[in-house]
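Trainee: Sequence:
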Amino acid sequence: MSAALKRRFDFETVFPIMDFAQELELVASASARLLAHSGIPHKVPDAVLELLVRTFRDLRANGEKKTSMDTLTAIMSTAEAVNVAHAVGVRAWFLANRAGEPADLVDCIAGTIVKDNEEDRARLRRYFEQRVATHKEAHWQAYYQARHRLP
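Using our numbering, the first residue of the sequence shown is number 34, and each one after it goes up by one.
Any given hint might turn out to be false.
[What the hints assert, rightly or not] With a straight-line cut-off of 20 Å between C-alpha atoms, the simulated EDC-like cross-links for lysine to aspartate or glutamate are:
1) K76 x E113
2) K169 x E134
3) K76 x E58
[Claimed, not checked] What follows is a list of derived Cβ distance ranges for each label pair:
4) R182 x F48: 44 to 52 Å
5) G72 x D43: 15 to 23 Å
6) M51 x R131: 29 to 37 Å
Rather than coming from a laboratory, the hints here were simulated on the basis of the structure. Each residue gets a CB set at the ideal place from its N, CA and C atoms; glycine is no exception.
Take the sequences, apply the hints, and build the full model.
Mentor: In C-alpha coordinates, the structure reads:
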(Lines of atoms letter the chains of each structure in order from A and count residues from 1; the text may use other names and numbers.)
(Lines give C-alpha, C1' and ligand atoms only; values in the text may rest on other atoms or scores of the structure.)
Protein backbone atom coordinates (compact mmCIF):
# COMPACT_ATOMS: atom_id res chain seq x y z
CA MET A 1 0.00 0.00 0.00
CA SER A 2 1.38 3.41 -0.89
CA ALA A 3 2.40 5.93 1.76
CA ALA A 4 -0.36 8.28 0.58
CA LEU A 5 -3.02 5.65 1.14
CA LYS A 6 -1.58 4.69 4.51
CA ARG A 7 -1.94 8.29 5.69
CA ARG A 8 -5.65 8.19 4.83
CA PHE A 9 -6.40 5.12 6.94
CA ASP A 10 -6.00 4.35 10.60
CA PHE A 11 -4.07 1.15 11.18
CA GLU A 12 -4.09 -0.81 14.35
CA THR A 13 -1.97 -3.85 15.03
CA VAL A 14 -3.72 -6.62 16.91
CA PHE A 15 -1.33 -9.20 18.30
CA PRO A 16 -2.26 -12.86 18.84
CA ILE A 17 -3.70 -13.84 22.20
CA MET A 18 -0.77 -15.11 24.23
CA ASP A 19 -2.73 -17.15 26.79
CA PHE A 20 -3.82 -20.56 25.46
CA ALA A 21 -6.77 -20.91 27.84
CA GLN A 22 -8.07 -17.45 26.98
CA GLU A 23 -7.84 -18.11 23.25
CA LEU A 24 -9.50 -21.51 23.66
CA GLU A 25 -12.39 -19.95 25.61
CA LEU A 26 -12.84 -17.24 22.99
CA VAL A 27 -12.92 -19.76 20.13
CA ALA A 28 -15.33 -22.00 22.08
CA SER A 29 -17.79 -19.24 22.95
CA ALA A 30 -17.73 -17.53 19.54
CA SER A 31 -18.10 -20.80 17.62
CA ALA A 32 -20.94 -21.92 19.93
CA ARG A 33 -22.80 -18.67 19.17
CA LEU A 34 -22.30 -19.14 15.43
CA LEU A 35 -23.45 -22.76 15.56
CA ALA A 36 -26.55 -21.82 17.57
CA HIS A 37 -27.31 -19.07 15.04
CA SER A 38 -26.94 -21.69 12.27
CA GLY A 39 -29.48 -23.93 14.00
CA ILE A 40 -26.99 -26.63 14.97
CA PRO A 41 -27.76 -28.24 18.34
CA HIS A 42 -24.17 -29.34 19.08
CA LYS A 43 -21.12 -27.38 20.12
CA VAL A 44 -17.73 -28.47 18.87
CA PRO A 45 -16.33 -30.80 21.57
CA ASP A 46 -13.65 -29.34 23.82
CA ALA A 47 -11.07 -31.90 22.68
CA VAL A 48 -11.53 -30.86 19.04
CA LEU A 49 -11.30 -27.18 19.97
CA GLU A 50 -8.07 -27.90 21.84
CA LEU A 51 -6.65 -29.52 18.70
CA LEU A 52 -7.71 -26.55 16.61
CA VAL A 53 -6.31 -23.84 18.86
CA ARG A 54 -3.07 -25.74 19.53
CA THR A 55 -2.57 -26.31 15.79
CA PHE A 56 -3.12 -22.65 15.00
CA ARG A 57 -0.76 -21.56 17.78
CA ASP A 58 1.94 -23.98 16.68
CA LEU A 59 1.69 -23.04 13.01
CA ARG A 60 1.82 -19.32 13.63
CA ALA A 61 4.98 -19.81 15.73
CA ASN A 62 3.19 -18.79 18.89
CA GLY A 63 3.07 -22.18 20.55
CA GLU A 64 4.69 -22.95 23.85
CA LYS A 65 7.30 -25.19 22.23
CA LYS A 66 9.73 -22.92 20.42
CA THR A 67 11.15 -25.26 17.79
CA SER A 68 12.11 -25.00 14.16
CA MET A 69 8.57 -25.91 13.05
CA ASP A 70 7.62 -24.31 9.74
CA THR A 71 5.26 -21.38 9.99
CA LEU A 72 2.60 -20.92 7.34
CA THR A 73 1.81 -18.04 5.06
CA ALA A 74 -1.93 -18.60 5.60
CA ILE A 75 -3.85 -16.47 8.07
CA MET A 76 -3.75 -18.26 11.43
CA SER A 77 -5.67 -15.74 13.51
CA THR A 78 -8.10 -16.43 16.33
CA ALA A 79 -10.89 -15.18 14.05
CA GLU A 80 -9.91 -17.77 11.46
CA ALA A 81 -9.90 -20.44 14.19
CA VAL A 82 -13.50 -19.45 15.03
CA ASN A 83 -14.42 -19.84 11.36
CA VAL A 84 -12.82 -23.28 11.23
CA ALA A 85 -14.60 -24.35 14.44
CA HIS A 86 -17.91 -23.23 12.94
CA ALA A 87 -17.13 -25.14 9.74
CA VAL A 88 -16.34 -28.28 11.77
CA GLY A 89 -19.69 -28.06 13.55
CA VAL A 90 -21.66 -27.39 10.37
CA ARG A 91 -19.89 -30.15 8.45
CA ALA A 92 -20.38 -32.76 11.19
CA TRP A 93 -24.05 -31.91 11.71
CA PHE A 94 -25.17 -31.68 8.11
CA LEU A 95 -23.07 -34.54 6.74
CA ALA A 96 -23.21 -37.00 9.64
CA ASN A 97 -25.82 -35.67 12.10
CA ARG A 98 -23.32 -35.57 14.98
CA ALA A 99 -20.89 -33.31 16.82
CA GLY A 100 -17.50 -32.57 15.28
CA GLU A 101 -14.62 -35.03 15.45
CA PRO A 102 -10.87 -34.73 14.79
CA ALA A 103 -11.36 -36.02 11.22
CA ASP A 104 -13.78 -33.15 10.53
CA LEU A 105 -11.14 -30.75 11.81
CA VAL A 106 -8.58 -32.17 9.39
CA ASP A 107 -10.96 -31.58 6.48
CA CYS A 108 -11.80 -28.03 7.52
CA ILE A 109 -8.33 -26.92 8.54
CA ALA A 110 -6.82 -28.23 5.31
CA GLY A 111 -9.05 -25.98 3.23
CA THR A 112 -8.16 -22.96 5.32
CA ILE A 113 -4.43 -23.53 5.27
CA VAL A 114 -3.82 -24.45 1.65
CA LYS A 115 -6.08 -21.88 0.01
CA ASP A 116 -3.43 -19.16 -0.13
CA ASN A 117 -0.13 -20.92 -0.78
CA GLU A 118 0.56 -24.33 -2.26
CA GLU A 119 3.73 -24.74 -0.16
CA ASP A 120 1.64 -24.62 3.00
CA ARG A 121 0.29 -28.07 2.09
CA ALA A 122 3.72 -29.63 2.63
CA ARG A 123 4.22 -27.61 5.81
CA LEU A 124 0.92 -28.87 7.20
CA ARG A 125 1.85 -32.47 6.41
CA ARG A 126 5.21 -31.98 8.17
CA TYR A 127 3.37 -30.57 11.18
CA PHE A 128 1.28 -33.73 11.41
CA GLU A 129 4.34 -35.98 11.10
CA GLN A 130 6.59 -34.00 13.45
CA ARG A 131 4.24 -32.59 16.07
CA VAL A 132 0.82 -34.28 16.04
CA ALA A 133 2.32 -37.78 15.93
CA THR A 134 4.16 -37.19 19.22
CA HIS A 135 1.01 -36.70 21.30
CA LYS A 136 -0.30 -39.83 23.03
CA GLU A 137 -3.79 -38.63 24.04
CA ALA A 138 -6.70 -40.32 22.25
CA HIS A 139 -7.99 -37.16 20.53
CA TRP A 140 -4.49 -36.36 19.23
CA GLN A 141 -4.09 -39.90 17.92
CA ALA A 142 -7.47 -39.67 16.16
CA TYR A 143 -6.31 -36.36 14.65
CA TYR A 144 -3.09 -38.00 13.47
CA GLN A 145 -4.94 -41.02 12.04
CA ALA A 146 -7.09 -38.65 9.95
CA ARG A 147 -4.03 -37.10 8.26
CA HIS A 148 -4.78 -39.12 5.08
CA ARG A 149 -7.59 -36.60 4.47
CA LEU A 150 -5.05 -33.81 3.90
CA PRO A 151 -4.82 -32.69 0.28
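Trainee: Sort out whether E134 lies within 20 Å of K169, counting only the CA atoms.
Mentor: holds (17 Å)
Trainee: Is 44 to 52 Å a correct range for the gap between the Cβ atoms of R182 and F48?
Mentor: violated (32 Å)
Trainee: Taking the beta carbons of M51 and R131, is their distance inside 29 to 37 Å?
Mentor: Once the Cβ atoms are compared, 34 Å apart, the range 29 to 37 Å for R131 and M51 holds.
Trainee: With 15 to 23 Å as the target window, see if G72 and D43 comply at their CB atoms.
Mentor: violated (37 Å)
Trainee: With the threshold set at 20 Å, check whether the alpha-carbon distance from K76 to E58 stays at or below it.
Mentor: holds (13 Å)
Trainee: Under the criterion that the straight-line Cα-Cα distance not exceed 20 Å, is the pair K76, E113 satisfied?
Mentor: Roughly 17 Å separates the two Cα atoms, so the pair holds.
Hint compliance for this structure: hints 4, 5 are not met, and every other hint is.
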